[in-house]
Amino acid sequence: MAYLKILLPFNFTENDNKALDFAIRTYAGHEDAHITLYNAHTPAPDIDMRSDPVMERMRSHLDYLLKQIFDQENALKKAKEKLLQSGFPSDRVKYIFEPSKKDIAGDIIDQVSKGNFDVVILNRKPTKITRFFTRSVFFKVVSTAKNVTVCVVN
Amino acid sequence: MAINDIMDLDTFKLIVRSIAESENLEAMGNRSTQLIVGSLGIKASAIFALNPETEEIETLASFGLSIDYLNKGPIKITKSKGWTSEKEPVVINDIRETDLLQYPEQTKQEGIMAMISIPIILFGRVIGLLRMYHHETWDISKEDVDTFSVLAEIIGMAMMYSRILNALQSVKDSVNEVHSIWLQPKSR
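Note that the protein sequences, when read in sequence, are chains A and B. All residue numbers for the first sequence refer to our numbering, where the first residue is 1 and numbers rise by one. All residue numbers for the second sequence refer to our numbering, where the first residue is 1 and numbers rise by one.
The hints are simulated quantities; they were obtained by calculation from the structure and are not laboratory data. Be a bit skeptical, because a hint or two may be false.
Heads up, simulated SDA-like pairs for lysine to any residue below, C-alpha to C-alpha not over 25 Å straight-line [to be verified]:
#1 A:K5 - A:I129
#2 B:K76 - A:I129
#3 B:K172 - A:G106
#4 A:K67 - B:K72
#5 A:K67 - A:E14
#6 A:K114 - A:F139
Modelling step: build the complete structure from the supplied sequences, incorporating the hints.
Structure follows, in structure tokens:
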């Protein structure tokens, strides 16, 4: 049976939670809707094994750095749990947590094409100044991704 | 933590190199905040951009701060006395002995004991903040504050470079959308 593949990029902001709520309201009752939460994290730095004071310090703090990444994945699992508690069966919800390869928009576009998603749910806050410095994720995804329906939660 | 320089030249070089090698501003911010935390052994670091319209600072990148703390609410520059209107760094050695915080309870709950806020200045205007958070009290040396200020200037230049690059990309996208029919000479 053909089903609807939905990608929900999730970065733990208030707007991401709104997008999650939108997905629950819109798709929880659809038996053909499969939803994937997506978050890309900054991988822990490569530690040079040569004797170097900075690398020594970095190595001694590596556990802390790895714990931050572990906490981020746990937060993504909580969002998945919210979907399950809202009526999505467990076989229709999954999450992808992977090291970032490009920028946010680039990673989302790659996921859309790699996973053959039918729908991607983005959120947008119109007055954000950070968009002045980094390109709008919404604009880049809409103008680049092909064969996908883009839902925008404002 | 006693006064001694924690930001030596090797650490500074490592962080600046990661800024120079980053392909985009998101990666630069995420990598440099992670390296600041990892190499200095502090709790967290964050880069903020100043929104002059809303008078809030927005998180551009962070490492080590919890999701709850990041989502605690808007950081209004008019309410946050930790904000530096005079373009000078603000050092809070011990958060128990200050009234400079907008969210003192959340800061305590986050396990932050000290905070350094360095303005990111470009062309004489504050465009953002570089902040470092420590899980213990922090008598930071003047030399370290100076080094963080230089780092903030480099981050400011990277932010503006990224802005210019984005503007160029937008122009390129617009030009690419021009249909070739508009570029052909009119036939008689």
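If you test the structure against every hint from before, which numbers come out violated? 1
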